[in-house]
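*Asks:* Please model the entire structure based on the sequences and the hints provided.
One line per chain: the protein sequences are R and L, in this order.
Each residue of the first sequence is one higher than the one before, counting from 37 in my numbering.
Each residue of the second sequence is one higher than the one before, counting from 37 in my numbering.
Which copy? The list can't say, so a pair holds if one copy fits it or any two copies do.
Derived lysine to any residue pairs resembling SDA-like cross-links, with alpha carbons at most 25 Å apart:
{"no.": "1", "residue 1": "K231", "residue 2": "L73"}
{"no.": "2", "residue 1": "K234", "residue 2": "G61"}
{"no.": "3", "residue 1": "K142", "residue 2": "P161"}
{"no.": "4", "residue 1": "K234", "residue 2": "L50"}
{"no.": "5", "residue 1": "K231", "residue 2": "M207"}
{"no.": "6", "residue 1": "K94", "residue 2": "E132"}
{"no.": "7", "residue 1": "K142", "residue 2": "E218"}
{"no.": "8", "residue 1": "K142", "residue 2": "T170"}
{"no.": "9", "residue 1": "K231", "residue 2": "G162"}
{"no.": "10", "residue 1": "K234", "residue 2": "P216"}
{"no.": "11", "residue 1": "K142", "residue 2": "H215"}
{"no.": "12", "residue 1": "K196", "residue 2": "I237"}
{"no.": "13", "residue 1": "K234", "residue 2": "N220"}
{"no.": "14", "residue 1": "K234", "residue 2": "A199"}
{"no.": "15", "residue 1": "K157", "residue 2": "H79"}
{"no.": "16", "residue 1": "K234", "residue 2": "G217"}
{"no.": "17", "residue 1": "K234", "residue 2": "P171"}
{"no.": "18", "residue 1": "K142", "residue 2": "I219"}
Derived from the structure by calculation, the hints contain no laboratory data.
The structure presented is a predicted model; accordingly, all values stated were derived computationally and were not measured.
2 protein chains.
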Amino acid sequence: MSLENSSPLAPPPLPLLVVLSGLSGAGKDAVLAGLRLSDIPLHISISATTRPRRAGEKDGFDYHFVTTARFQELIDRGELLEWANVYGNYYGIPAEPVRRALQAGKDVIVKIDVQGAATIKKILPGAVFIFMVTPYMEELEKRLKQRRTETSDTLELRLKTAAEEMRHLPMFDYVVVNHPGEINQAVADIVAIIKAEKCRIARRELSV
Amino acid sequence: MSLENSSPLAPPPLPLLVVLSGLSGAGKDAVLAGLRLSDIPLHISISATTRPRRAGEKDGFDYHFVTTARFQELIDRGELLEWANVYGNYYGIPAEPVRRALQAGKDVIVKIDVQGAATIKKILPGAVFIFMVTPYMEELEKRLKQRRTETSDTLELRLKTAAEEMRHLPMFDYVVVNHPGEINQAVADIVAIIKAEKCRIARRELSV
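*Replies:* Here's what the structure looks like:
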């Protein structure tokens with residue numbers, strides 16, 4: 037009986053569902069693009085949307101661009117993990133590719149607005165919730181806290197939106213700060229979070 | 037008033053005290069050696085011990101080798117964060133270098149046995165607790181669970197010791213598996229854990 041030669045027998049941790057959310061303009065899309073280029077095996081969920089395709093965007097890569105009728109069909113058939121209407125455009129996460137990837141043992145990352153993240157938290161509390169901010173947004177928050185009055189109308193609106201979004205912060209596990217010009221650092225943080233979460237005792241079946 | 041040009045104002049997360057513990061023979065020293073070679077700014081605590089210096093070990097690098105009288109002095113003066121007598125030899129963590137490093141904003145890692153880790157958990161619950169195992173130890177655990185009876189006396193003793201150590205597992209935050217020949221992977225896991233912990237919401241003062 038050779039114990040030394042035995043193969044690792046503890047079950048590997050289950051694949052993770054990583055929910056990437058955060059303030060508008062925090063750079064979530066840039067981080068996803070960075071993750072696509074990284075060498076970690078990660079399924080990046082591609083959302084469906086009814087909003088018009090922008091210059092440079094590719095169908096099936098940046099988004100699945102669909103008609104409102106098609107989107108309604110996806111809703112009716114229960115084919116979306118989560119969906120929302122944001123300023124008149126629909127956004128949704130097709131459930132099947134997420135399920136398939138998780139079943140194949142692959143980690144999955146989905147990008148979603150804070151309200152959607154809150155919904156996923158209710159369905160899948162074991163998912164990993166990451167909130168992205170920029171230092172600029174942290175400045176916004178600081179200003180909100182100080183309740184300054186010299187803000188312009190535009191700033192005030194942004195402050196209000198950010199404040200509304202920040203209210204969801206406590207339900208998240210991690211905050212990733214996207215410093216301007218250092219997107220790779222934010223990508224590295226997310227890679228580290230995924231690696232660390234796989235080491236969490238709570239995700240292993242090691243207790244005796 | 038230019039918000040875009042404002043510098044990051046949210047306070048950076050506090051430096052971490054990382055407690056590295058785990059089963060005997062899991063490779064903690066090898067991992068510390070790997071961390072020394074990594075480029076992350078980390079203060080690696082050097083324990084004091086009364087056990088004789090082994091071939092290849094350097095005083096002030098692997099351990100501070102001290103006499104029993106000197107060790108007793110360190111205990112009496114309260115200069116040890118934690119200490120223990122293991123099979124007749126004393127081991128202790130000098131408190132001052134740890135405090136100095138943390139005050140300078142540097143993360144600190146201390147190696148300690150599981151009982152010592154439990155003591156530190158009571159004093160400093162905010163520390164990060166990592167439990168190291170090898171697949172071999174996981175195999176040990178599996179055998180313990182299955183309560184096989186064909187074990188030799190020696191194995192039985194190791195199983196008992198491991199079982200005793202494993203009982204402390206639930207107080208740890210992370211488990212790092214040191215696969216034979218892949219020490220760099222275990223080092224990378226610990227680096228990722230430190231990076232991820234700095235992103236944890238609970239460690240940031242961002243809530244509104």
